[in-house]
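Heads up: the sequence lines are chains A and B, in that order.
The opening residue of the first sequence carries number 0 in numbering that gives the first Met the number 0; numbering runs sequentially from there.
The opening residue of the second sequence carries number 0 in numbering that gives the first Met the number 0; numbering runs sequentially from there.
Honestly, the hints are just simulated from the structure, not real lab data.
Just to be clear, a hint being listed does not mean it is correct.
[Stated by the list, open to error] List time: in silico SDA-like cross-link candidates among lysine to any residue, alpha-carbon distance up to 20 angstroms:
1. A:Lys123 x B:Ala87
2. A:Lys123 x B:Thr82
3. A:Lys134 x B:Leu157
4. A:Lys134 x B:Ile128
5. A:Lys123 x B:Trp92
6. A:Lys123 x B:Ala81
7. A:Lys134 x B:Ala87
8. A:Lys123 x B:Leu157
9. A:Lys134 x B:Leu84
10. A:Lys134 x B:Trp92
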Amino acid sequence: MDAEKFAQFKFDYLLRQGDNALILSQQLSQLCGKGPALEEDMALTNVALDLLGQTRMWLGYAAELEGQGRDEDRLAYLRDTRDFRNVLLVEQPNGDYAQTMVRQFFFDTWHYFLMRGLLASSDKRIGEIAEKSIKEVTYHLRRSGDLVVRLGDGTDVSHAKMQAAVDELWTYAGEVFLYDEVDQAMQAQGVAPDPELLRTAFLNHVAEVFEEATLTMPSPDSYMQRGGKQGRHSERLGYVLAEMQFLQRAYPGVEW
Amino acid sequence: MAMAAVETSVDQVWAWLADVPDPEIPVISVVDLGIVREVAIDGDECVVTITPTYSGCPAMQVIAEDVAQALHARGLERVRIATRLSPAWTTDWMSEAGKAALSNYGIAPPVQQVIDISGLQKGVKRHAIRPPEVACPHCGSMHTRLTSQFGSTPCKALYQCLDCREPFDYFKCH
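For reference, chain A alone in the conformation it holds in the complex (with noise of 0.2 angstroms):
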């Protein structure tokens, strides 16, 4: 692979890494102020604020790689839907209680292993932002992992909420391990990990918590939902952006 695709294909595996920290971080934060229990909304939005500081680093890193003067404010809020690279799960809506954790789940568990596979990622800037961020993604995962068990082995309504929600959500759980011609260069140069270790690790896990917390898994050869990674997204991303963006395309350039 010449040099140039390279570079052009890592700026979009960067930008995937950010989108998902920026978007799930946005989704989280609108929750602010609304979390059922007190504990709850700070919770939330401390998580959103480890995913805000992680987007910085990679869209940071993005931008100097790209060259071309962008800077991570400018990928963040100057972006247009089909620009952006984080996969489906992410976007779906906050929707109740039980899809918010259970979504929180899903990507906190691929996260996690995602991170540390990246620790001896043969980029070294990439490795570094990973070794930053396992630690505060440890803590996300203990936490949803937590609530996924309370509210899945909880009461009747709880139950049924949080089984909703996880059927609801698991095709969109599987995007991440579909490895397109990105990821692949990215796993060919020992950027990144190989897919079916992590999802391995992840269905595991997921096995795991979910027998404690007594949900049935669906099963892990069902239909996935795909096309975020790539730039397809539900609309659901455009009314994201539209209240992230407001106020930088409202009055560009400015600033705290």
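Fit chain B to the known structure of chain A by using the hints.
Same frame as chain A, now just chain B:
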């Protein structure tokens, strides 16, 4: 002789930085918190390398400005703040003096070396990993419980003392 002068200056800068408080928790300095990783003097420029505690910590910008301002106030004209991600910041770098100051301030300091709380260790069941036992900073009781993994900032968890009933922040191991 010239070398010795530079050595003294680096030590002097460290001593000055020990007076720069963390903007969120003013009883602990940025040095005690382990945020300052390196001080170097390069010609007439002083380079202070800092590392973020949490990647989204909004205090980092303020810390960088406070450090530069403190050194300017001491007469250093050229100060550059560099940031370094790796090795990632850990509460193991917090000084004993810093931990004592936290406790006096009402925040329980991190109690142990960093452990893997993910629940993903081989052969260890998730629920077998208990939250750390933390002493109440108000009454000293060990009879406390974790109420939330996240407190008023990402670096803290919420606990409650079951004896004096006071809620308190616990500075998490990281």
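Results of checking the hints against the structure:
Between Lys123 (chain A) and Ala87 (chain B) the CA atoms are separated by roughly 14 angstroms; this keeps the pair inside 20 angstroms, and the hint holds. Only pairs whose Cα atoms come within 20 angstroms are accepted, and Lys123 (chain A) paired with Thr82 (chain B) is accepted, the gap being roughly 16 angstroms. Between the alpha carbons of Lys134 (chain A) and Leu157 (chain B) the distance comes to roughly 18 angstroms, so the proposed pair stays at or under 20 angstroms and holds. Restraint check for Lys134 (chain A) and Ile128 (chain B): the C-alpha separation of about 17 angstroms stays at or below 20 angstroms, so the hint holds.
Pair hint Lys123 (chain A) plus Trp92 (chain B) does not hold up; C-alpha atoms about 23 angstroms apart against a cutoff of 20 angstroms. Annotation: proposed proximity of Lys123 (chain A) to Ala81 (chain B) holds, straight-line Cα distance about 18 angstroms (limit 20 angstroms). Between the alpha carbons of Lys134 (chain A) and Ala87 (chain B) the distance comes to roughly 9 angstroms, so the proposed pair stays at or under 20 angstroms and holds. A distance of roughly 35 angstroms separates the Cα atoms of Lys123 (chain A) and Leu157 (chain B); the hinted pair therefore is violated under the 20 angstroms criterion.
For the suggested pair Lys134 (chain A) and Leu84 (chain B), the alpha carbons sit about 13 angstroms apart, so the restraint of at most 20 angstroms is met. For the hint linking Lys134 (chain A) to Trp92 (chain B), the alpha-carbon distance of about 15 angstroms falls within 20 angstroms, and the restraint holds.
Of the numbered hints listed earlier, those contradicted by the structure are 5, 8.
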